[in-house]
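Line by line, the protein sequences give chains Y and W.
The numbering used here applies: residue -18 is where the first sequence begins, and numbers increase by one.
The numbering used here applies: residue 5 is where the second sequence begins, and numbers increase by one.
Hints listed in this document are in silico derivations from the structure and should not be mistaken for laboratory results.
Among the hints, erroneous ones may be present.
Mimicking DSS-like on lysine-lysine, the simulated pairs with C-alpha atoms at most 25 Å apart in a straight line are [claimed, not checked]:
id, chain 1, residue 1, chain 2, residue 2
1, W, LYS60, Y, LYS21
2, W, LYS74, Y, LYS21
3, W, LYS60, W, LYS30
4, W, LYS30, W, LYS102
5, Y, LYS22, Y, LYS3
6, W, LYS60, W, LYS74
7, Y, LYS17, Y, LYS0
8, W, LYS74, Y, LYS22
9, W, LYS30, W, LYS74
10, Y, LYS3, Y, LYS17
11, W, LYS30, Y, LYS22
12, Y, LYS17, W, LYS60
13, W, LYS60, W, LYS102
14, W, LYS60, W, LYS73
15, Y, LYS3, W, LYS73
16, Y, LYS17, W, LYS73
17, Y, LYS22, W, LYS102
18, Y, LYS(-1), Y, LYS17
19, Y, LYS21, W, LYS30
20, W, LYS102, W, LYS73
21, W, LYS30, W, LYS73
To give a feel for the contact side, a few chain W residues facing chain Y, derived at Cβ under 8 Å [claimed, not checked]:
id, residue
22, LEU47
23, HIS49
24, ILE53
25, SER55
26, GLU57
27, SER77
28, LEU79
29, ASP96
30, LYS102
31, PHE105
32, GLY106
Examples of chain Y residues lying across from chain W (beta carbon under 7 Å, computed) [unchecked claim]:
id, residue
33, LEU24
34, SER53
35, PHE56
36, LEU71
37, ILE79
Note that the Cβ used here is the ideal one computed from N, Cα and C, for glycine as well.
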Amino acid sequence: ETGVTQTPRHLVMGMTNKKSLKCEQHLGHNAMYWYKQSAKKPLELMFVYSLEERVENNSVPSRFSPECPNSSHLFLHLHTLQPEDSALYLCASSQDRIGTGRGYTFGSGTRLTVV
Amino acid sequence: SQQGEEDPQALSIQEGENATMNCSYKTSINNLQWYRQNSGRGLVHLILIRSNEREKHSGRLRVTLDTSKKSSSLLITASRAADTASYFCATDAHNTDKLIFGTGTRLQVFP
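Could you build the full structure based on these sequences and the hints that come with them?
Given below as structure tokens:
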């Protein structure tokens, strides 16, 4: 275990479903991130939260909605997804936003399949 | 455009051999980091090298940084089958406060 826990590990959902991904860290980190990893593409930074405040939204479609209720928890709410949204969704946390020191700590990811 | 690009895209070697992966980036940086990812899992931080450092070691890992060429290399010495994974470099561009990852090098180490 890395200290960043993601649930569920696998998720299959229809295009009309609503689901949520959860990420939890108890490392005392101040920043949390959602990344999308698709085959043969670089990791795509989706959202950045720093001290529970969203500081970055990289032109992500509105069908992805993040929520950070406190410094230890991060959610990604999914609604009306498309098949091309199928990917590995990774949550990460860090002490500061550029990961000085020990870098980013990643969870094991949620493998999402949209059918 | 992506900040870091790894080279080669894929590398296959025998156990005991050394593996070298390279990373090139475009803008000035504060630090460069290397991560490892086993198939379908999250990334694990391996090593961080600051822009004022030229070389860093951690166990069987050796990282170099050449800021004049905007490039870095990761050397894994005496590789093992367990080193089989994808390796990513990540850079923070000045004044952006975010870490950008490359597409990675897939390393296969055969026993």
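In rising order, the numbers of the hints this structure does not comply with: 1, 12, 15, 16, 24, 25, 26, 27, 28, 34, 35
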